[in-house]
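Assemble chain B onto chain A, guided by the hints.
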Amino acid sequence: MAGPQTEWGGLTDQEVVLRARSGQETAYRELIRRYERPIFALLFRMVRDRELAEDLAQETFVKALNAIESYRPEFKFSSWIFKIANNAAIDHLRRRELDTLSLDGSPHAETPEAMQATALQIGARQETPLDTVEAKELGTAIEAAIGSLRPEYRSCILLRHVEGRAYEEIAEILNLPLGTVKTYIHRARNELRLSLAHLKE
Amino acid sequence: MTRSPGSHLSADEIDACLIGVPTPEIQRHLDQCSQCLEQVKIDREIAELVAALPLTSPAADFADRVMARVVVPDPFAIRSLQATRRRLFSTPRSFAAAAGFALFLLGSMAGSVVWSLSHQETLAALGSWLFAQGGQAVWLGVQGLASNLLEQPWYGGLKSLADNPGRLAVFSALGSFAYLSGLIALRRLLAAPTQQVAHAGL
Numbered sequence: 358m359a360g361p362q363t364e365w366g367g368l369t370d371q372e373v374v375l376r377a378r379s380g381q382e383t384a385y386r387e388l389i390r391r392y393e394r395p396i397f398a399l400l401f402r403m404v405r406d407r408e409l410a411e412d413l414a415q416e417t418f419v420k421a422l423n424a425i426e427s428y429r430p431e432f433k434f435s436s437w438i439f440k441i442a443n444n445a446a447i448d449h450l451r452r453r454e455l456d457t458l459s460l461d462g463s464p465h466a467e468t469p470e471a472m473q474a475t476a477l478q479i480g481a482r483q484e485t486p487l488d489t490v491e492a493k494e495l496g497t498a499i500e501a502a503i504g505s506l507r508p509e510y511r512s513c514i515l516l517r518h519v520e521g522r523a524y525e526e527i528a529e530i531l532n533l534p535l536g537t538v539k540t541y542i543h544r545a546r547n548e549l550r551l552s553l554a555h556l557k558e
Numbered sequence: 116m117t118r119s120p121g122s123h124l125s126a127d128e129i130d131a132c133l134i135g136v137p138t139p140e141i142q143r144h145l146d147q148c149s150q151c152l153e154q155v156k157i158d159r160e161i162a163e164l165v166a167a168l169p170l171t172s173p174a175a176d177f178a179d180r181v182m183a184r185v186v187v188p189d190p191f192a193i194r195s196l197q198a199t200r201r202r203l204f205s206t207p208r209s210f211a212a213a214a215g216f217a218l219f220l221l222g223s224m225a226g227s228v229v230w231s232l233s234h235q236e237t238l239a240a241l242g243s244w245l246f247a248q249g250g251q252a253v254w255l256g257v258q259g260l261a262s263n264l265l266e267q268p269w270y271g272g273l274k275s276l277a278d279n280p281g282r283l284a285v286f287s288a289l290g291s292f293a294y295l296s297g298l299i300a301l302r303r304l305l306a307a308p309t310q311q312v313a314h315a316g317l
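So the protein lines, in turn, are chains A and B. Start counting the first sequence at 358; every next residue gets the next number (my numbering). Start counting the second sequence at 116; every next residue gets the next number (my numbering).
Simulated from the structure, these hints should not be mistaken for laboratory data. Be careful, since some hints might not be right.
[As the list claims (entries may be wrong)] Calculated pairs, EDC-like style, for lysine to aspartate or glutamate (alpha carbon to alpha carbon, straight line, at most 20 Å):
| hint | chain 1 | residue 1 | chain 2 | residue 2 |
| --- | --- | --- | --- | --- |
| 1 | A | Lys420 | B | Asp179 |
| 2 | A | Lys539 | A | Glu520 |
| 3 | A | Lys433 | A | Glu526 |
| 4 | A | Lys420 | B | Asp176 |
| 5 | B | Lys156 | B | Asp130 |
| 6 | A | Lys539 | B | Glu128 |
| 7 | A | Lys539 | B | Asp130 |
| 8 | A | Lys539 | A | Glu526 |
| 9 | A | Lys539 | B | Asp127 |
| 10 | A | Lys539 | A | Glu525 |
| 11 | A | Lys420 | A | Glu408 |
| 12 | A | Lys539 | B | Glu163 |
| 13 | A | Lys539 | B | Glu160 |
| 14 | A | Lys420 | A | Glu525 |
| 15 | A | Lys420 | B | Asp189 |
[As the list claims (entries may be wrong)] Simulated coverage check for chain B against chain A, where a stretch passes if three residues somewhere in it have a Cβ under 8 Å from a Cβ of chain A:
| hint | region |
| --- | --- |
| 16 | 122 to 131 |
| 17 | 181 to 190 |
Glycine included, C-beta positions come from ideal geometry on N, C-alpha and C.
In isolation and in its complexed conformation, chain B is listed as follows:
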């Protein structure tokens, strides 16, 4: 940067002198201009005086007093929820947005309740229509399932078994025995071990 002849040092140039060694151009100016030289000297003295001020410390229990008011996050808590909550309450704008959304939800719910109370007949008519339609759909489903079962190839064998009471009793007994055996086996499998495991204490 070149300076016009006769002008004094700018604030940036004086500052450059305080930070380090001045450039040859600034040095030449300082050699000729006693006013700028005096200014640099005084500014340097002021900077040194301010920098030499003692660094005072707060009271010894300062950290404890701060920590008593700081909420340390629980490492086992759901971090994303914590972060969301902090973000919501971080600025007045985000807090206002969250509060607005909550008010909107509450308003919608309140409006819904009020409308329902004032339109009970409409709701009752809608309920009976839905009940009738639902019942019809269920009945159609049951009918479809029954006709499907009747068309299965094993349905004839099952029907003949039901016609003979002795054979039905034998099959029922076999089925019950298989069910009970399975239940006992499962219970044994899930039972806690009775002996100590050697490495459990490690």
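One chain only, chain A, in its complex shape:
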């Protein structure tokens, strides 16, 4: 008898969605199995709180699966569910008004002057990358450096380098122009480079 993974292994996301729409509960579970880790990992790195990340991941899946009829198969299912997850994280971060560290200023700033004028300071409650470097924990330092990025930069860099998504797909997920996505990733790398510079010393 074939196991659940081999039974679903040959099916694309779109085919699994079609089965879910026809009322197969196992198809819903297969979609959760395929995306629970990447969605949770993205949210965990966005909000840096395990319990909260689980709540947001649960909210993401409940919202996506209850609206499975509205999913359009011509788009990638992964883009759709990542978009819902990213929106949930960004909404939460905006509500909470997390203190963020930015070395480049507003992500919408077009000129160096504007960027300098809109640059934010390190929040008092923020765990600084320097503190983490002193702890000599590379993984924690990277996590902290990513956590110090603006939410928009964070989404871009995680989707690009952790999830391996193409620029076009990131643009679709975040509903941003392709050029903006490239700019955000470039700026995020610059910020990470500066944040992690102490590691090399």
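Then chain B, alone, in the frame of chain A:
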């Protein structure tokens, strides 16, 4: 794409270096520009460090908790109605449109009731006029039907039969017998079989 001499690599060109092998033109620039080479090296290190972060998992009962809040569609339900309902509640705009339409209908009905209550005399007059017109139309129809029957060729034979009581009784008895025979035959035809059918359990 050609770059002006002396300029550094663009973000797209640096990104191209991270994705794969740089083009000969970019490679030539990297061989000469230590600043760009350092930037590519650091960006590559950052990309690798971020990519190497462990993929954390949610709790083991995550799927069960999600499924407890998911409404799986009933495969035997009317799909079109379900889809319509989901579409109506999918966005605030569609919900507002549906709510507006429902309010319009309810308002129309309420307005109709209020108007009827405040114009009872008009409605009564309209009702009697419609009743009179309807009654007249029905009476004309009955008259037309009767005159049509009287003009039929078999009407004379039927009338002569009714004039002879003995013949009428015989015809009535024959008619009743035929009706009862038909009824019994139909009942037998529709009766459930009393014996088990061999393949019924398959």
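Under a C-beta cut-off of less than 8 Å, do 3 or more residues of the region 122 to 131 of chain B approach chain A closely enough to confirm the stated coverage?
holds (count 4)
Given the hinted pair Lys539 (chain A) and Glu520 (chain A), is their Cα-Cα distance within 20 Å?
16 Å, holds
Given the proposed pairing of Lys539 (chain A) with Glu163 (chain B), does the C-alpha separation stay at or below 20 Å?
18 Å, holds
Take a quick look at whether Lys420 (chain A) and Glu408 (chain A) sit within 20 Å of each other, Cα to Cα.
Given pair Lys420 (chain A), Glu408 (chain A) holds - Cα atoms ~18 Å apart, limit 20 Å.
CA of Lys539 (chain A) to CA of Glu128 (chain B), is that 20 Å or under?
Roughly 11 Å separates the two Cα atoms, so the pair holds.
Mind checking the alpha carbons of Lys539 (chain A) and Asp130 (chain B) for me, to see if they're no more than 20 Å apart?
Holds, because 9 Å separates the two Cα atoms, which is no more than 20 Å.
Is Lys420 (chain A) close enough to Glu525 (chain A), meaning Cα to Cα at most 20 Å?
24 Å, violated
Hint consistency between Lys420 (chain A) and Asp179 (chain B) [alpha-carbon to alpha-carbon, up to 20 Å]
15 Å, holds
Please verify whether Lys539 (chain A) and Glu160 (chain B) have alpha carbons no more than 20 Å apart.
18 Å, holds
Agreement of Lys156 (chain B) and Asp130 (chain B) with the hint, judged by alpha carbon distance not exceeding 20 Å:
Roughly 11 Å separates the two Cα atoms, so the pair holds.
Are the Cα positions of Lys539 (chain A) and Glu525 (chain A) separated by 20 Å at most?
10 Å, holds
Three residues minimum, CB to CB under 8 Å: does the region 181 to 190 of chain B make the cut for coverage by chain A? Let me know.
Per the Cβ count (9), the hint holds.
The earlier numbered hint that this structure contradicts is number 14, and it is the only one.
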